[in-house]
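Here are the chains, one letter per residue:
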Amino acid sequence: MASAEEWMQIRPQGLYCVPADSYIDPHEPVHRAIITHGHADHARPGHGQVIATEETQAIMQVRYAGDAPERILLGYGQNHAVTPTVNLWFAPAGHVLGSAQAVLEYNNHRIVISGDYKRHPDPTCKPFEVVQCDTFITEATFALPVFSHPKLEDEMAKVLRSLEVFPERTHLIGVYALGKCQRVMKTLRQAGYEKPFYLHGALISLTELYEGCGYDFGEWIPASDLKGKAREEMRGKVVLAPPSTLADRWSRTLPDMLPIMASGWMQIRARARQRRAEMALIVSDHADWQDLITTVEETQAKEVWITHGRTDALEYELKRRGIKAKALDLIGREEEVE
Amino acid sequence: MEEFSRLLDELYFTNSTLAKEKILANYLMSTPDPDRGWALAAIAGTLSFDLFKRNLSKSLIIERMDPELFQLSYDYVGELSETIALAWQQSENPVLMSRLPSLSEIIVEFQSRGKEGIRQYLVQLLDNMTPPQRWALLKLGTRGLRIGMSARSVKRTLANMKSVDLEVIEELWHGIEPPYEDLFAWIEGRADIPDISNSIRYLPVMLAHPIDEEKDLERITPATHMAEWKWDGIRVQISSNLDETKIFSRTGDDISGSFPDLVEAVDFQAVVDGELLIKTQEGIGSFNDLQQRLNKKKPSAKLIKERPAHFRGYDILSKDGENLRSLPLDERRLALQRLYENLNQDRFSISKQLEFKDVDDLKQMREEADKSNGLLEGLMIKYRQSTYVSGRPKHAWYKWKCDPYLLDAVLMYAQRGHGKRSSYYSDYTFGLWNDAGELLPIGKAYFGFTDEELKQIDNWIRKNKLKRFGPVQEVKKELVFEVAFDSAHESTRHKSGYALRFPRIHRIRWDKPAGEANVIEDLAKLVQ
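Top line first, the protein sequences correspond to chains C and E.
Just remember that my numbering sits 89 ahead of the position in the first sequence, which is counted from 1.
Just remember that my numbering sits 47 ahead of the position in the second sequence, which is counted from 1.
Hints in this document: simulated from the structure, not taken from any laboratory.
We put the beta carbon where it would ideally sit given N, CA and C, even for glycine.
Be aware that one or more of the hints could be misleading.
As the list claims (entries may be wrong) - Take a look, some chain C residues computed to stay more than 12 Å from chain E by CB distance:
id	residue
1	P118
2	V151
3	Y153
4	L233
5	S237
6	D337
7	L347
8	A361
9	R365
10	I371
As the list claims (entries may be wrong) - Quick list of in silico lysine-lysine cross-link-like pairs, DSS-like style, CA-CA up to 25 Å:
id	chain 1	residue 1	chain 2	residue 2
11	E	K326	C	K326
12	E	K491	C	K318
13	E	K542	E	K502
14	E	K446	E	K410
15	E	K202	E	K343
16	E	K343	E	K105
17	E	K491	E	K514
18	E	K523	E	K542
19	E	K352	E	K366
20	E	K202	C	K247
21	E	K502	E	K514
22	C	K316	E	K344
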């Protein structure tokens, strides 16, 4: 049985699997890339061959139209011999639509590369599945004991309460275009929000992609369809837009706008204030501290590599628990995108 | 406690002062006594005791958490109470509460307990709370609430609730105590205004109008007006009944704690109005010297020795319990002089009246002040018959400030503003050239321009961005501001070695090439 060090390497382009001659989520163009999910800091354009789930491939097509290399579409659980000696399959990561853990099997050794993942429920993607392995390569975005993500329903209840108290205000929620936007819409619907959503242009194509995959968000209207006086109808309703618009000129055209930010970072007050949010919704697409530790233990991995985030805290805690752990500190992962 | 925690969260996340006041007013109207009074005290910063020591909460978290992980968490969050609130782990056998106690129950319970009891109670509360509630408790307990609401704003909220002038609340404020049940009874019309005749209190101050050189100068004669220097310190009111002495700022904040040396020197029963300055054997210190002592809640003995506080009086509002405010200024000045006959001259001096024959003399004196490099801000001219009225009565007191200094500086960095300016770049850092042709920052200004100009500058900045450092946006070094300021002094805070007093944007020099802006040497000449 080979140890992970012998067949996995950290190269300038990113994590590299030697016998598969493949990079996993490389941040520079490579000849063959295994992509765990569609967020821009994991899925970059310009690769030769891309191996990913069908949904991730579709997301990359939306993002990088015309970037048409050789594409291999792999369903969850489906085996693919990347090279004669390496078997690859994907397991759901529960992060966003199409997100996967890459499972690599070589010489009786199994490595699971989690990509980004979460354990909290999400009605817009398949839930995380634990895959037992020899080596588990994990993220650590929220790897500090201060991060304990609350129930999503409680966060959405804040919005509904505010809509009742401030029916004259346009509730603008800052969300990332892939995953967060759709998850917030879906959970708001489940919580009982029945009015239309208004979407910033940057969120529309991916929302349509979700709809094409069978997810229903009820009525939504492109915000740009409403000009001048017509914008008055947004009062007392939910508008979704990229986080940067909260403090930018775009949001100034909304009537009596209430800026709300939805992100895992909102647990830290100062972070929420920096975003100029007047309401902070703790909505994370990543595992929190307890879930990171639980997941590592459930995989029964003998060795854990930590790719990005608060790597030092997780490494310290795993070692304390007698698990062999090391931080890779991969570059090119963006703190803000989650 | 749930309501209090929710209130703090709402206030914390709300940007506009007006909206904060509305939120606070709603809470005060819908919450019973004595909870609302304690909440008010916590927010206004008038609680006079800690419920527990900051160290206690720290030692509790260290006991139940790996110290290394605590340190990593603390470094990341950057704030102790919030770190504890978020990272708290429920005890193994927690004492569960069927409901959280009310704010007043919590305060009473803490005060009735000894050291070990306080510890147990704090653990029990933290075990039963959500992270935002824990944060509220930890902030309340150690009097560390900073939710961006000034004491003045709190008082304005109360004034609006009762539909009275702000001055009425300001006068009351230092005579009443938490949990303010008498105050709320009066606000709700169930009782008379609280009686504060025996307490040390702040009397709202009288303010001056800027002089209108065209219209006002002709009114002024030595027979009708007196003139004195306008000192560059801070306006304070000393109020003492012999047992107790307080120093209030112009807005009625109690700043006695920062100036124990001056408080100790007071041995009269009076309320006097004047300028707080620093005075050593070398004379009056600069505003910069004074700034070292402002906002220091507990100044060190060394600091007090190096920068002793001094009170330069110019008015007296009451003496031995007798109200003097309705007397004309001339008579008040006589009363002030009588009071001063017995005072320690190191600590107390009178702002002396300046002799003048006519307005030309005054003009000349104002030019003298101009050359004092900021020690004197200009002249005060006061109507001799004026009674002491709070606020800004017309034609009673004038201030005639020196012309500001002007320099052409180059915009270097910009930051987005707050409130109605949020999302506009409205805070500007500007600099002057050194010999090597580098720009060195000399100051920061965020007013002096119109809304229209703000939009133009904002637009320019968006088109001329360079690097970004967190909230700070670097821009191309191409836009020149004519910057006005009252004085300049040496400072270690800026790379240039100088700091400006009261800088503002005087004009935007769209026409001027950046290379023609002023050099550091020009500023150095002003300081000498």
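Hint check:
1. At the 12 Å boundary, the C-beta of P118 of chain C stays outside the reach of chain E, the nearest C-beta of that chain being 26 Å off.
2. Listed as a non-interface residue, V151 of chain C keeps its Cβ farther than 12 Å from every Cβ of chain E; the least gap is roughly 28 Å.
3. Listed as a non-interface residue, Y153 of chain C keeps its Cβ farther than 12 Å from every Cβ of chain E; the least gap is roughly 26 Å.
4. The Cβ of L233 of chain C does not lie farther than 12 Å from every Cβ of chain E; its closest approach is about 5 Å, which violates its non-interface assignment.
5. Residue-level check failed: S237 of chain C sits 7 Å from the nearest beta carbon of chain E, not beyond 12 Å.
6. With a minimum CB-CB distance of about 6 Å to chain E, D337 of chain C fails to clear the 12 Å threshold, and the non-interface call is violated.
7. A beta-carbon of chain E comes within 12 Å of the beta-carbon of L347 of chain C; the shortest separation is about 10 Å.
8. A beta-carbon of chain E is positioned within 12 Å of the beta-carbon of A361 of chain C; the least distance is around 7 Å.
9. With a cut of 12 Å on Cβ distances, R365 of chain C falls inside the contact zone with chain E, its closest approach being about 6 Å.
10. Separation of I371 of chain C from chain E is inadequate, the least Cβ-Cβ distance of about 10 Å not exceeding the 12 Å criterion.
11. Taken as a hint, the K326 of chain E and K326 of chain C pair is broken in the structure, with Cα atoms around 61 Å apart against an allowance of 25 Å.
12. For the given pair, K491 of chain E sits about 39 Å from K318 of chain C by alpha-carbon distance, which is inconsistent with the 25 Å threshold.
13. At roughly 29 Å between alpha-carbon atoms, K542 of chain E and K502 of chain E are farther apart than 25 Å, so this suggested pair is violated.
14. Straight-line distance between C-alpha atoms of K446 of chain E and K410 of chain E comes to about 13 Å, which keeps the hinted pair within the 25 Å bound.
15. Simply put, K202 of chain E and K343 of chain E have alpha-carbon atoms about 23 Å apart, close enough for the 25 Å limit, and the pair holds.
16. Of the pairs offered as hints, the one joining K343 of chain E and K105 of chain E holds, with about 24 Å between alpha carbons and a cut-off of 25 Å not exceeded.
17. With a C-alpha separation of about 18 Å, the suggested pair K491 of chain E and K514 of chain E falls inside the 25 Å cut-off, and the hint holds.
18. Simply put, K523 of chain E and K542 of chain E have alpha-carbon atoms about 19 Å apart, close enough for the 25 Å limit, and the pair holds.
19. Distance check on the hinted pair: K352 of chain E and K366 of chain E sit about 30 Å apart at the alpha-carbon level, beyond 25 Å; violated.
20. Between K202 of chain E and K247 of chain C the alpha-carbon distance is near 29 Å, which puts this suggested pair outside the 25 Å criterion.
21. A hinted pair counts as satisfied when its Cα atoms are at most 25 Å apart, and K502 of chain E with K514 of chain E qualifies at roughly 21 Å.
22. A C-alpha spacing of about 53 Å is found between K316 of chain C and K344 of chain E, which places the hinted pair above 25 Å, so the restraint is violated.
Violated hints, in rising order: 4, 5, 6, 7, 8, 9, 10, 11, 12, 13, 19, 20 and 22; the structure is consistent with all others.
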